[in-house]
Amino acid sequence: MNSIQRVLAALTFGKSEHGTPDRVPVFPVPLMQGALVYGCTVEEYFAMPAKRIAEAQVKINEMFDGIPDGVAGIPNVIQDVTAFGIGLKHHYVNSTPAVEGMLLHNFEDIPNLAVPDPMKSPMLRKTRDTIAALSAAVGTEKVVIGAAIAPFSLPSMLMGTSAWMRLLFTPELRRKYYKHLMDVCTRFVIDWVDVQHKAGAHVVILADGMASATMIQRSVFEDLALPVIKSTIGAAGGMVAYEAVGRIEPFIDACADIGAVGLLVGQEDDLVECQKRVKGRVGLIGNVNNMMMRRWSPARIELQAKSAINQAKDGYGFILANQGPEIPFDVSLDGIGALIRAVEKYGRYDTKPAKTLSTAGVA
Amino acid sequence: MPLACVQQDTRAVKPEAEKLDRAATELYHQINFLRDIESSSQAVSDCLRAVQSEGLDAAFALVNSGLIRVAGEVGTGCQSSLDACQQTREVLEASIASLADLRKTLDQLTASSRSIENVAETIDAFAQQTSLLALNARIEAARAGAAGVGFAVVSEEVGKLAVSIKDESRSIQCAVAEVARHVSQACSIVSVETERSREQEQAVDAMVETNEALLIQGRVLPDMVEELDQFLDPLSQARSAIGHNQMIQVAVGNVERNVRSIHGAIRRATGSNATHGEITSSLEEFTDLFTHEMVAGSDTPVETMLQGLLDHGIDPVHCLDAVGKAVQSANARQKYKHVSVGDYYLNFLAVERALAFLEPKITVPARTGMKVVIGNARGDYHSLGREMVGLFLRASGIEVIDVGLGAEVSKFADAVAKSKARVVGVSSLLIESAKEITKLREVLNQRGYTGTKIVAGGACFVVDSEFANEVKADYVATAASDMVSLVQQIYQYGPLSEGSNR
Chain L
872 MNSIQRVLAA LTFGKSEHGT PDRVPVFPVP LMQGALVYGC TVEEYFAMPA KRIAEAQVKI
932 NEMFDGIPDG VAGIPNVIQD VTAFGIGLKH HYVNSTPAVE GMLLHNFEDI PNLAVPDPMK
992 SPMLRKTRDT IAALSAAVGT EKVVIGAAIA PFSLPSMLMG TSAWMRLLFT PELRRKYYKH
1052 LMDVCTRFVI DWVDVQHKAG AHVVILADGM ASATMIQRSV FEDLALPVIK STIGAAGGMV
1112 AYEAVGRIEP FIDACADIGA VGLLVGQEDD LVECQKRVKG RVGLIGNVNN MMMRRWSPAR
1172 IELQAKSAIN QAKDGYGFIL ANQGPEIPFD VSLDGIGALI RAVEKYGRYD TKPAKTLSTA
1232 GVA
Chain C
22 MPLACVQQDT RAVKPEAEKL DRAATELYHQ INFLRDIESS SQAVSDCLRA VQSEGLDAAF
82 ALVNSGLIRV AGEVGTGCQS SLDACQQTRE VLEASIASLA DLRKTLDQLT ASSRSIENVA
142 ETIDAFAQQT SLLALNARIE AARAGAAGVG FAVVSEEVGK LAVSIKDESR SIQCAVAEVA
202 RHVSQACSIV SVETERSREQ EQAVDAMVET NEALLIQGRV LPDMVEELDQ FLDPLSQARS
262 AIGHNQMIQV AVGNVERNVR SIHGAIRRAT GSNATHGEIT SSLEEFTDLF THEMVAGSDT
322 PVETMLQGLL DHGIDPVHCL DAVGKAVQSA NARQKYKHVS VGDYYLNFLA VERALAFLEP
382 KITVPARTGM KVVIGNARGD YHSLGREMVG LFLRASGIEV IDVGLGAEVS KFADAVAKSK
442 ARVVGVSSLL IESAKEITKL REVLNQRGYT GTKIVAGGAC FVVDSEFANE VKADYVATAA
502 SDMVSLVQQI YQYGPLSEGS NR
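Note that the protein sequences, when read in sequence, are chains L and C.
Residue numbering for the first sequence follows our numbering, starting at 872 and increasing by one per position.
Residue numbering for the second sequence follows our numbering, starting at 22 and increasing by one per position.
No wet-lab data here; the hints were simulated from the structure.
Quick caveat, the model's predicted, so the values are computed rather than measured.
Be careful, since some hints might not be right.
Examples of chain L residues lying across from chain C (beta carbon under 8 Å, computed) [said to hold, decoys possible]:
hint : residue
1    : Thr1032
2    : Ala1084
3    : Val1091
4    : Leu1095
5    : Ser1168
6    : Arg1171
7    : Pro1199
Part of the chain C face toward chain L, derived, beta carbon under 10 Å [claimed, not checked]:
hint : residue
8    : Gly318
9    : Ser319
10   : Val362
11   : Asp364
12   : Gly400
13   : Met409
14   : Cys481
C-beta atoms are modelled at their ideal positions from N, C-alpha and C, and glycine is treated no differently.
Required output: the full structure, derived from the provided sequences and hints.
If you want it as structure tokens, here you go:
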């Protein structure tokens, strides 16, 4: 069973043509760690051509004996704003960059906001090429993962979180500007997700930090965020996973039917409770605390991974991963290895063959 | 009574009435102070009740009986285990000694085999020589002709005998070689078994060590339980004391009612309007209502509420103070309900409106003397937390020096130097930006501001509770509201105990 088959088998709760998964799949996201392959800084790594970025990700996968079931082809999600003309700056050589400024300085700027073409951004073009390179290298075996900021969260990057919150919580501002802003962001995200799918991404993760229970109340989620999430995923041409980048547990019942193939669960969320609430309607991905991975020994990380596996393994529908968005650069490779290898040690299933064996073996 | 007399009496009463008015005002302050005591007493009482309702006594009883029993069982178990280990060790030692004896015997057997082999080789050599002799004898018998016929028969038989001896000797040699091979194999097995027994011996030693440690810890447990027991009585006494303290509430209420009544009478006699008590009551009512509205997430008509206070002749400064109290009260209640940032943001918007309404009306701002420098660390551009913290601090009468987004360490330090603020709030969502706090601590120390406390805020400190220690922050504000109480405590009571709130 290759990684693609395993992931499909897991996310369909063993009902795909591939039967049940042989083990819990694992999606670590060691993006910045690509720099270690070349012995350079993270900033230098992501400045490299797409092909070299992809090669490093494949190398990392091999470094862990090919156990990771996915490879990611994006440097970060902040880059999405570059399509709107916002620059990024690396303040630290071994960290993700930050935006150089805001695009929307006043609410009055919103009506003039137009949908940008993702392919006009050199950074996004390179990401597309990275995904294509990964797809060419391992795309028949491994799940190629893309990512984008979800439309409901994109405005916080265009105008700042504070202004976006003010707009959301001020009825008059919301009446005047919300619809146009969401229309523009939704269209852009659909286009950008489409580019990634066409380049070879099997699944694109929509990161929606503003829509988590950490950030907003359930009523705001249901009235404002949820319709946008549904329409975006509904219009996407390929598979989409959804990440609230924070607590999702209080809203997870509402998220079960948004059309995502999987939901990324926050480190504060209770996996057992989340599983109970989604009732087998959608798979869960998560949720080892990525910040604490900096501090934990490999043995402790293995125990945390084991605990997550034990909580969510039964009934399939679970992929082990670090809580998003990525593993910090100063987490040791041994630590990442401990997370990955935990699925081999604790995540094995007794496999049941697929009912239609003639099609099994083909992704 | 003639009017002149009444006027004279009124003039005579007025200074006394003013004195009484001042005394009443002072009494209100003291009543407020008592109210604070009453509130804190109530809070302690709530805590104790919560502890009680969560079954502390039962837990203690369980610990008392259960822990000691478990400790006893662990102790007995450890002792049995130790005995078993000891026996196992003795058996292993005996095995190792037997294996050594066996090895010795096998070595002797090897030596004996070699001797037999040598003997067989000697016999083989004799047989060869005998064979040669028989051949020579046959030759000599042939030379002797008929006289040697008998001798020839004998020599032939001797030759045959020599061949037989040689064959037997070879058989002996083969048998001895076979024995030697088996002995060698036996030696190897003995070596492996000896090694294995030694490893088992080490494992048993480790078990002995663990059991001994457990035994020692098990013996300490009853002492620990006894130490815990010491707290039961004071806890129970505290509960009774709190019960008595609750009488303060009744007493304060009575005193306040009487003071209000006397003060009202004085005010009426001297022709004044709103009493201090009435003002206090209105402000408290506002605080309660505003708190409730914020916690409920209602769209609070805060301007109308404040206008009502102003219409009663209440000073805008006091109104602002009431807003600050409401913010703290609402945030404290929300924090334990794990509400979202959105809930706090609704408070933010309501408080912002209150400040926008009141601040233009304040000519001389109240000065608490508390100052805080706040800002986002270098590379961090997430302004929401900082803005909320800044507003809540301002509403609480704390002066805020905001160094803005992505501020360099030097900018924070300069602001501290200029303002002499005793607290710095550094906000960061990103790991690398948050590490700037370590540099800030160094720079502040270098400039002599060793007593200036750094409060860290931001998602990375919430997700990893130990991160604040790593970057050398003094405190963590896990919600925007935490900062107000932290600053007040640092200024009013000096730094909190080391590591608290981390």
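Hint-by-hint comparison with the structure:
1. Annotation: threonine 1032 of chain L was flagged as interfacial toward chain C, and the flag holds, the nearest CB pair being 4 Å apart, inside 8 Å.
2. Taking 8 Å as the C-beta contact cut-off toward chain C, the hint placing alanine 1084 of chain L at the interface holds, the least distance being around 6 Å.
3. The interface hint given for valine 1091 of chain L is met, as the beta carbon of that residue sits about 6 Å from the closest beta carbon of chain C, less than 8 Å.
4. This hint is violated: leucine 1095 of chain L has a C-beta 11 Å from the nearest C-beta of chain C, more than the 8 Å allowed.
5. Proximity of serine 1168 of chain L to chain C is violated relative to the hint, the smallest CB-CB distance being about 14 Å (cut-off 8 Å).
6. Nearest Cβ of chain C to the Cβ of arginine 1171 of chain L: about 13 Å, over the 8 Å cut. The hint is violated.
7. Taking 8 Å as the C-beta cut-off, the interface hint given for proline 1199 of chain L holds, the closest approach to chain C being about 6 Å.
8. Because the closest C-beta pair between glycine 318 of chain C and chain L is about 7 Å apart, less than 10 Å, the hint holds.
9. A least Cβ separation of about 13 Å between serine 319 of chain C and chain L goes past the 10 Å threshold, and the interface hint is therefore violated.
10. A cut of 10 Å between beta carbons decides the hint on valine 362 of chain C: the least distance to chain L is about 5 Å, and the hint holds.
11. Evaluation of the aspartate 364 of chain C hint against chain L yields a held restraint, the C-beta minimum of about 6 Å falling below 10 Å.
12. Residue-level restraint check for glycine 400 of chain C holds (minimum Cβ-Cβ distance to chain L is 3 Å; threshold 10 Å).
13. Look at methionine 409 of chain C: its Cβ gets to within about 8 Å of chain L, closer than 10 Å, so that hint holds up.
14. At its closest, the beta carbon of cysteine 481 of chain C sits 6 Å from a beta carbon of chain L; the interface hint therefore holds under the 10 Å criterion.
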